[in-house]
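Colleague: One-letter residues, chain by chain:
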Amino acid sequence: MAYTLAGRSGAWEVVVGLEVHAQVISVSKLFSGASAAYGGEPNAHVSFVDAGFPGMLPVINQECVAQAVRTGLGLKAQINLFSRFDRKNYFYADLPNGYQISQFAHPIVGKGIVEIELADGTLKPIGITRLHLEQDAGKSMHDQHPTKSIIDLNRAGVALMEIVSEPDIRSPEEAGAYLRKLRQILRYLGTCDGNMEEGSLRADVNVSVRKPGEAFRTRCEIKNVNSIRFVMHAVEAEALRQIEIWEDGGEVEQETRLYDPARGETRSMRSKEDAHDYRYFPDPDLLPLVLEEDWVAALKRGLPELPDEKRARFCAEYGIPFYDAGVLVAEQEVADFYEEVARGRDGKLAANWVTGDFFAAMNRTGKSIADPPVSAAALGALLDLITDKTINGRIAKDVFEEMVETGKPPAEIVVEKGLRQVTDTGAIDAAVTRVLAANADKVAEYKAGKDKLFGFFVGQVMKAMQGKGNPALVNEAVKKQLG
Amino acid sequence: MSVFDLTIAGAARALRAREISAVELAAAYNAAVEALNPRLNAYITPTPELALEQARAADRRLAGGGATPLTGIPIAMKDLFCTEGVRTTAASKILGNFVPPYESTVSARLKAAGAVMLGKANLDEFAMGSSNLTSAFGPVESPWKRHGAEARLAPGGSSGGSAAAVAARIALAATGTDTGGSIRQPAAFTGIAGIKPTYGRCSRFGVVAFASSLDQPGPMARNVEDNALMLSVMSGFDEKDSTSADRAVPDFTQALHRSVKGLKIGVPAEYRLEGTNPEILALWEQGIAWLRAEGAEIRDISLPHTKYGLPAYYIIAPAEASSNLARYDGVRYGLRVEGEDLIDLYERTRAEGFGAEVKRRILIGTYVLSHGYYDAYYLKAQKIRSLILRDFTDAFMEVDAILTPTAPSAAFGLDETMTDPLTMYLNDVFTVPASLAGVPAMSVPAGLSAAGLPLGLQVIGRHFDEETVFTVAAALERAAQFSALPQVRAE
Chain A
0 MAYTLAGRSG AWEVVVGLEV HAQVISVSKL FSGASAAYGG EPNAHVSFVD AGFPGMLPVI
60 NQECVAQAVR TGLGLKAQIN LFSRFDRKNY FYADLPNGYQ ISQFAHPIVG KGIVEIELAD
120 GTLKPIGITR LHLEQDAGKS MHDQHPTKSI IDLNRAGVAL MEIVSEPDIR SPEEAGAYLR
180 KLRQILRYLG TCDGNMEEGS LRADVNVSVR KPGEAFRTRC EIKNVNSIRF VMHAVEAEAL
240 RQIEIWEDGG EVEQETRLYD PARGETRSMR SKEDAHDYRY FPDPDLLPLV LEEDWVAALK
300 RGLPELPDEK RARFCAEYGI PFYDAGVLVA EQEVADFYEE VARGRDGKLA ANWVTGDFFA
360 AMNRTGKSIA DPPVSAAALG ALLDLITDKT INGRIAKDVF EEMVETGKPP AEIVVEKGLR
420 QVTDTGAIDA AVTRVLAANA DKVAEYKAGK DKLFGFFVGQ VMKAMQGKGN PALVNEAVKK
480 QLG
Chain B
0 MSVFDLTIAG AARALRAREI SAVELAAAYN AAVEALNPRL NAYITPTPEL ALEQARAADR
60 RLAGGGATPL TGIPIAMKDL FCTEGVRTTA ASKILGNFVP PYESTVSARL KAAGAVMLGK
120 ANLDEFAMGS SNLTSAFGPV ESPWKRHGAE ARLAPGGSSG GSAAAVAARI ALAATGTDTG
180 GSIRQPAAFT GIAGIKPTYG RCSRFGVVAF ASSLDQPGPM ARNVEDNALM LSVMSGFDEK
240 DSTSADRAVP DFTQALHRSV KGLKIGVPAE YRLEGTNPEI LALWEQGIAW LRAEGAEIRD
300 ISLPHTKYGL PAYYIIAPAE ASSNLARYDG VRYGLRVEGE DLIDLYERTR AEGFGAEVKR
360 RILIGTYVLS HGYYDAYYLK AQKIRSLILR DFTDAFMEVD AILTPTAPSA AFGLDETMTD
420 PLTMYLNDVF TVPASLAGVP AMSVPAGLSA AGLPLGLQVI GRHFDEETVF TVAAALERAA
480 QFSALPQVRA E
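Chains as they are written, first to last, in numbering that gives the first Met the number 0: chain A, 0 to 482; chain B, 0 to 490.
Among the clues, some could well be false.
Said to hold, decoys possible - Derived DEER-like restraints, expressed as beta-carbon distance ranges:
(1) B:Arg86 to A:Asp273: 39 to 45 Å
(2) B:Arg271 to A:Glu292: 47 to 53 Å
(3) B:Val336 to A:Glu220: 30 to 36 Å
(4) B:Gly274 to A:Glu292: 50 to 56 Å
(5) A:Glu292 to B:Pro277: 55 to 61 Å
(6) A:Ala274 to B:Lys306: 35 to 41 Å
(7) B:Gly95 to A:Asn225: 39 to 45 Å
(8) A:Glu308 to B:Arg331: 44 to 50 Å
(9) B:Gly371 to A:Ala5: 40 to 46 Å
Rather than coming from a laboratory, the hints here were simulated on the basis of the structure.
All residues carry an ideal CB built from backbone N, CA and C; glycine is no exception.
Please put together the full structure from these sequences, using the hints given.
Modeller: Next comes the structure, spelled out in structure tokens:
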């Protein structure tokens, strides 16, 4: 069902396009040798170029260009072998040159596609309009001094990728799914860490509403939203605001707005009339950026397997459901962990264990995939003990908890605790006989037609055997003795 | 014969023969600066102690080996080149107290070669001007006088301090920068030689920017040979300037002794502007005759878009300047005039820090880049620029170099201030096209006006063919035998 918002005049469709600013992972800044590392003492990572000193000139950092190209390739987008840097002119205290170097007319990456998955499993392609490289500005702090603003230029000049989507997004859910998918791709590529709290990923959200089937109406841009949850809230809050205006006979004005998470509403930042005239023109300090086809091809060869491809391969190679594969590829480290467990083993069993007991243990212990509660090799060894019938699945859960607790290898735990599965049919038969004898009344009920009691007998036998009986053999023996 | 009669080549020989020490040479020049600069105002910041210190180092190098032809040579540095620890003002109040913690690439190369810096030379504010009247540190006076007159004359600009210092012999050579004629026009006005190299030949790193796509450092000196010596050191690829050219630098002095015999020299019809001073036209004819006599083949050529050069230049250069000068905002360095809020601080700082000509160009530049005007002005000007480049490319299929006058007139008086800035802009009419095309162009002193003021001829060459420019300029120099000296000079 398409997402709509109900108004007095009927259903409204929401139209959203996102401009995502993703900070490039690189050692140094886009046009200077200063460190691009996050944090540090204020103004510790600033070169004379970043601070806009007289006579300083920008020199392009090739690694940032490579990162943008990798990202473009990951978004299945057109790589423009010719692109150009422009100056976007405006005055602000944390913009040392009085202009930002960006790409206006000729971006490095053109049209691409991101496929998102919705809660009901539907897949939907969201178009990418373009990706371009630009410099970040510094940071102004207005709360550090009673009368002065404090400027930190550590981020001034750090490379950003602005990734612009087509207005293909139709709901808060789709906006959230798009951002999560984009972040996942960036992290797989290693081109942006996707950390929204530190501001290395932030979104400008363009929202408009319309009656289904109409052309687009006027949009508003909500600037700098810094969490996926806030983006989803902002879309809805802004759409509701616009619906109210239209339904009151008003006109939505194109403007830039801010989202206030505390109040759950957007408010005007500046109207179209106050919009800056950025006076874009080609930066005469930089030559056009011309890429060699071979260089791009080499970057393409060096790309990691991306989530969509990995997911498809997991389904095919390990025979696991599409949904499970999606969970496993959500993060690259988890996918790697899973593959190490699954390689040469039963892929489904491995998927169940990783997404079940292993994830639960990770949450419970507060550990991460980088420092897992149980190593992939140890979990694999546990699965081997199940497969070769040394232990059964129920006992395996106990062994796993012991592994989390002590870090001991599963085989050692099995031996120490005598948990080896009993496959001796004589011992099983004896246990069954004892249980049936002790529950003669229930046997009678069973024989009178209460089939459900079968599970009770199996459970009692397993209990009698301290859980170590081979479940299949126990089943068989119970069935045989009940006649 | 005094030390002030020595050229760079001559001084280098004397230094190497230990006939004179670098310290003696520097001391003599320091004294000359002290004596004449109060009158000429060619230097904003003389650096006599630094000069002596560098001269002592030069003497050690001259004694110990490893000296270059510039070791111990006292020069003036246009105050647009950032010099580590030495105030660099761009002749603007807004940078009046700015001491760079870094060195421009060109000044660093000269320093490394052992040149001795006498001081920072005056210029038009941010190199915007053709008169040196726009300097916040006062105008430079040309050392030349009209016959029988005492009127103070302009040295031209923007490298007017450099030109006056070399002409008055209070520097043996100087650095300049040329955006639309800022080396060539003052060289012509003061009877010295100066070359604007191919765009990209000299690094712009550390040079305070005026118009980045046009700015190009170059030397100014008494003769063609000294220019070749200076340029050989100043040139070369610099990874810190993305627009600098990764090309080998020839020894330009090798080109001086080549013959012009068989070279094809173009004479562009479009430079014969209506109303041009007949003296200038006569000098041009004389130059043509000299080259023909040396065996060069003279060809009439056409550079059809010449007349659009000046308007295109006065759109592109201010457009870039309006953006380049945005960094002077009072926040991080230079002048700050406190205000009630950030906008007020910007407005007060820039209102007080910039002079009238700079403000005029920032306004023009902001206007031509504005939404709705960009296509009509900036984009159109860029198209004209491409056509002008094509004019030259086409012409250089036919000829090896082009000969024109450098400026439409001889120097004007400091008091003959033009009320109309457009008239001032006309000074650049012959120099701007080569700047727009990025080709090398040199001014050589070739004669005197009836009033006794120097006039220059301009030689324009192909991209990165400064060698042919030097060959032709040297031939003109030999033929012209220009030996006149200004009335005000060190002796």
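Colleague: Check the following: the C-beta atoms of A:Glu308 and B:Arg331 are separated by a distance inside 44 to 50 Å.
Modeller: holds (48 Å)
Colleague: Taking the beta carbons of B:Gly371 and A:Ala5, is their distance inside 40 to 46 Å?
Modeller: holds (42 Å)
Colleague: Falls inside 39 to 45 Å, the C-beta gap from B:Gly95 to A:Asn225?
Modeller: holds (42 Å)
Colleague: Just to be sure I understand the hint, the distance between the Cβ atoms of B:Arg271 and A:Glu292 should be within 47 to 53 Å; is that true here?
Modeller: Check passed, 49 Å falls within 47 to 53 Å.
Colleague: Could you check the hint for me, namely that B:Val336 and A:Glu220 are 30 to 36 Å apart, CB to CB?
Modeller: 35 Å Cβ-Cβ, so the 30 to 36 Å window holds.
Colleague: Is 55 to 61 Å right for how far apart the beta carbons of A:Glu292 and B:Pro277 are?
Modeller: Since A:Glu292 and B:Pro277 have Cβ atoms about 59 Å apart, the given range 55 to 61 Å holds.
Colleague: Is the distance from the Cβ of B:Arg86 to the Cβ of A:Asp273 consistent with 39 to 45 Å?
Modeller: Distance hint for B:Arg86, A:Asp273 holds at roughly 40 Å.
Colleague: For the pair A:Ala274 and B:Lys306, does the Cβ-Cβ distance stay inside 35 to 41 Å?
Modeller: holds (38 Å)
Colleague: Tell me if the beta carbons of B:Gly274 and A:Glu292 are separated by a distance inside 50 to 56 Å.
Modeller: Because 55 Å falls inside the window, the suggested range holds.
Hint compliance for this structure: no hint is broken.
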